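If you read the protein sequences in the order shown, they are chains A, B and C.
Just so we're on the same page, our numbering is the position in the first sequence counted from 1, plus 239.
Just so we're on the same page, our numbering is the position in the second sequence counted from 1, plus 9.
Just so we're on the same page, our numbering is the position in the third sequence counted from 1, plus 119.
For the record, the hints were derived by calculation from the structure and aren't laboratory data.
Errors might be hidden in some of the hints.
Covered, in the sense of this in silico footprint (three residues per stretch, anywhere, with C-beta under 8 angstroms from a C-beta of chain C), are these stretches of chain B [said to hold, decoys possible]: (1) 36-48; (2) 126-134; (3) 177-187.
Just so we're clear, the structure is a prediction, and the values are computed from it rather than from any experiment.
In this text, a Cβ means the ideal position worked out from N, Cα and C, and glycines have one as well.
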Amino acid sequence: MPHTHPTHHYQLPHFEGDILQITDLHFSYPDGHAALHGIQLCLAQGEKVALVGPNGAGKSTLMLHLNGILGDSGAVTVAGLPLNPKTLPQIRAAVGLVFQNPDDQLFSPTVFEDVAFGPLHMGLPEAEIHIRVDAALESVRMSAYRERLSHHLSVGEKKRIAIATVLAMNPRLLVLDEPSAGLDPRARRTLIHLLRDLPITMLVSTHDLALAKELFPRMIIMDEGRIVADGPTLELLQDQGLLEAHGLEKP
Amino acid sequence: MHADAFDRYYHAESPLHRLDPRVKVFLTVAFILSNALLSDGVWAAFGLAWLLILFANRFSGLGVEFSFKRSFIALPFALAAVSAIFIPAGQPLAEWTIGPIQLVPTDFGLMRFASILLRSWLSVQAGILLVAVTQFPDMIHAFEHLRVPAILTTIIAFLYRYLFVLTDEVMRLLRARESRSAALPGLKSGGSLFWRARVAGNMAGQLFLRSYERSDRIYNAMLARGYQGQMRTLRSHTMTRRDWLILSLGLFALIFLQLLARL
Amino acid sequence: MLFSPAPLHIPDGFLSLIISLFFWVITVVAVGMAISKTNKTLGEKQVPLMGIMAAFIFAAQMLNFPVAGGTSGHFLGGTLAAIVLGPWAAILVVTAVVGLQGLLFQDGGLLVMGANIFNMGILTALIGFGLYRSVINANKTTRLIVAGLGAWLATMAAALLASLQLWLSGTSQLQVVIPAMLGVHALIGIGEALVTVAALAFIMQARPDLLDAKAVVEKGGRGWIYGGVLISILTVLLSPFASGDPDGLERVAETMGFLDRGLSASYQILPDYTVPFLGETALSTIVAGMVGALVLLGILVLIGGLLKRRAS
Ligand SMILES: Nc1ncnc2c1ncn2[C@@H]1O[C@H](COP(=O)(O)OP(=O)(O)OP(=O)(O)O)[C@@H](O)[C@H]1O
Ligand SMILES: [Mg+2]
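Taking the hints into account, I'd like the entire structure generated from these sequences.
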């Protein structure tokens with residue numbers, strides 16, 4: 240079968256160094272609730288990092304900052320570009336953010352339309368969009384689902400399509416919010432294989448420490464809006480006291 | 010309950026399924042318009058219209074009787090037309106006296122009543138067939154192509170997508186209410202009417218807020234994928250020679266039908 | 120049953136071509152205005168919001184509550200939408216709901232969809248929002264009572280107009296359809312009012328920001344108050360007259376030239392208003408209907424303009 244690969248004309252210029260830099264990020268919700276306090280974080284290209292912490296730690300809030308949906312403080316730099324209104328479209332194309340609930344992520348009637356949404360709104364030509372959609376579905380092994388209706392999919396299928404919706408934008412950094420929540424063991428296993436095989440920098444929030452241990456060499460622990468630990472996953476998982484202090488359980 | 014309960018599409022490999030959705034929508038509307046243009050009592054034309062429906066059924070691969078079997082949904086509404094039978098015009102057919110009321114069905118009234126029902130019944134069948142052979146998202150594309158404003162088609166696309174999600178939520182709410190409102194034998198369950206309406210109202214309010222907040226999250230998901238306030242769509246359908254041919258054939262048939270009715 | 124076809128969703132075939140087209144014209148103009156208003160005044164966030172709200176209305180219509188003897192009340196949701204989202208957005212939302220119900224479920228016809236949208240969307244937005252807007256600075260209880268009243272009246276107005284449409288189409292006789300429709304909807308309206316009030320109270324408590332005076336005023340000008348109050352008064356005056364003295368209404372219609380007594384071509388309610396050079400064809404009837412609709416619209420726009428000038 241002839242195979243077409245996505246062209247690379249529509250990407251950020253080549254870049255060396257940390258793909259993501261966050262310096263001293265603070266954030267309060269409009270109702271006054273302070274959710275983030277002085278977050279410092281760097282991600283090198285190719286790294287796969289787990290973000291863990293108890294409910295309400297601020298993981299989702301932090302992720303919403305990575306492509307400018309929340310906050311405008313200038314604390315975030317993606318691939319060398321400081322996040323501001325001018326760089327926003329580029330940064331949104333570079334950071335693929337997948338939300339916790341796939342029903343919020345998949346808002347179009349059909350799988351094809353949903354996966355095409357990102358490339359379409361990036362302004363790509365139609366032929367390129369089709370190539371991207373096919374490649375993205377292929378990489379989550381869902382090519383057969385191209386014409387399916389979103390509401391017919393199972394939870395596991397929805398999660399994979401949700402990942403495809405951002406892969407179609409050829410992101411530099413993939414940010415997943417609790418991808419394994421609500422999956423049965425087999426769907427979880429499929430997801431693990433999928434994430435392992437994707438050659439992209441990743442930041443993944445999860446309550447599933449076994450998954451973190453298996454997939455992510457580096458782990459960041461958050462609690463009450465602060466990063467309380469950041470280091471090799473295997474080491475942090477040995478620190479019983481640390482885990483207990485932040486409501487985590489050794490897998 | 011599963012969302013499939015709302016699906017009206019029946020898959021089959023048929024010429025009708027393959028037809029461009031614009032043609033299907035256009036011909037359906039034209040057919041319904043044509044029914045409305047038929048005067049009362051032109052039975053031959055009504056019969057021909059029914060033949061057209063049978064013909065379309067035949068080409069849908071779903072069976073000749075497909076739309077017929079599902080066509081009785083509008084029947085309850087026929088009640089609204091019953092009074093037409095007694096329009097005081099034409100020849101009286103009988104005289105019924107029920108208590109103080111005297112009813113006189115007339116031949117004119119009866120013809121009018123039958124014509125209204127026929128028009129409605131034929132039109133409903135066209136609609137049933139349309140949704141059975143067209144995936145709803147394709148129908149939305151058809152409306153985009155037919156220049157329905159993008160904001161409306163987008164709202165309908167969201168409606169279609171989230172209909173399934175939200176009705177599931179309603180089902181959960183109703184189930185929760187059910188499981189907590191069992192009455193002991195011999196006791197009347199469930200408080201006053203006001204109280205029951207308030208429970209329903211609270212459920213509606215809760216559903217409203219959940220939906221409202223969900224729309225925030227969806228908006229975020231759209232922003233994250235490059236949405237800048239302008240919905241874009243791919244125009245994915247192109248009319249083939251066959252589509253044009255069937256469109257013209259369909260329109261010819263309808264024009265012929267109208268001429269026949271005016272002979 | 121997943122949803123019961125409400126008696127307000129008129130199917131194809133029950134309204135004459137003229138009535139159908141007449142209301143399509145008005146509805147298209149109103150929806151067009153709603154589109155341009157929502158484009159201008161509401162942010163881009165509103166597109167997903169209106170879509171989800173349409174799904175909310177659709178789903179909420181499944182919320183039933185036992186009334187008596189096996190029957191149950193259903194929630195219609197139009198008034199709630201008009202109050203919380205504002206009248207323009209509510210018109211679009213109800214248009215989408217009626218459109219989908221008609222297209223996907225044949226719950227209401229296509230050719231008569233203009234009338235259905237007008238009855239259930241535009242009238243409801245006028246009455247529901249207009250009345251609520253008029254007491255926006257009153258205390259919470261008053262606002263809730265008026266919202267409930269608006270919900271009831273909106274249901275009644277829709278039923279009344281649907282009856283009149285059926286009558287003018289030569290489908291139903293006035294002395295039957297008016298009492299039947301109004302009777303049924305007086306009850307349905309009570310359920311609608313109760314649920315609307317309870318839902319609003321719930322929202323006021325949980326998200327007062329959505330319903331504070333400023334948020335509501337921003338969504339629709341004073342014109343809505345005049346329109347809403349006017350239509351409400353019309354409904355209140357016309358309903359008893361129409362059901363108590365249908366012959367009277369028929370006489371009025373006749374003297375005004377609205378009703379073709381012969382009914383031989385019953386889809387022509389304006390037999391004397393055909394366009395001369397087109398002759399007595401269906402086409403000329405259609406054109407006459409459109410002209411009639413445009414004239415009425417012109418008058419409405421003029422009145423609206425005058426009211427606006429007086430207000431400012
Ligand atoms: N829209 C909002 N408005 C106000 N406060 C919010 C909002 N969203 C989240 N919060 C608060 O911010 C804090 C961080 O929430 P966040 O969703 O980021 O946590 P999380 O780490 O993702 O939790 P979980 O593991 O449960 O997903 C919580 O205390 C939460 O209550
Ligand atoms: Mg979270």
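Now for the hints, and whether the structure bears them out:
| no. | hint | result |
| --- | --- | --- |
| 1 | 36-48 | holds (count 8) |
| 2 | 126-134 | holds (count 8) |
| 3 | 177-187 | holds (count 5) |
Figure legend: structure checked against the earlier numbered hints; every hint is met.
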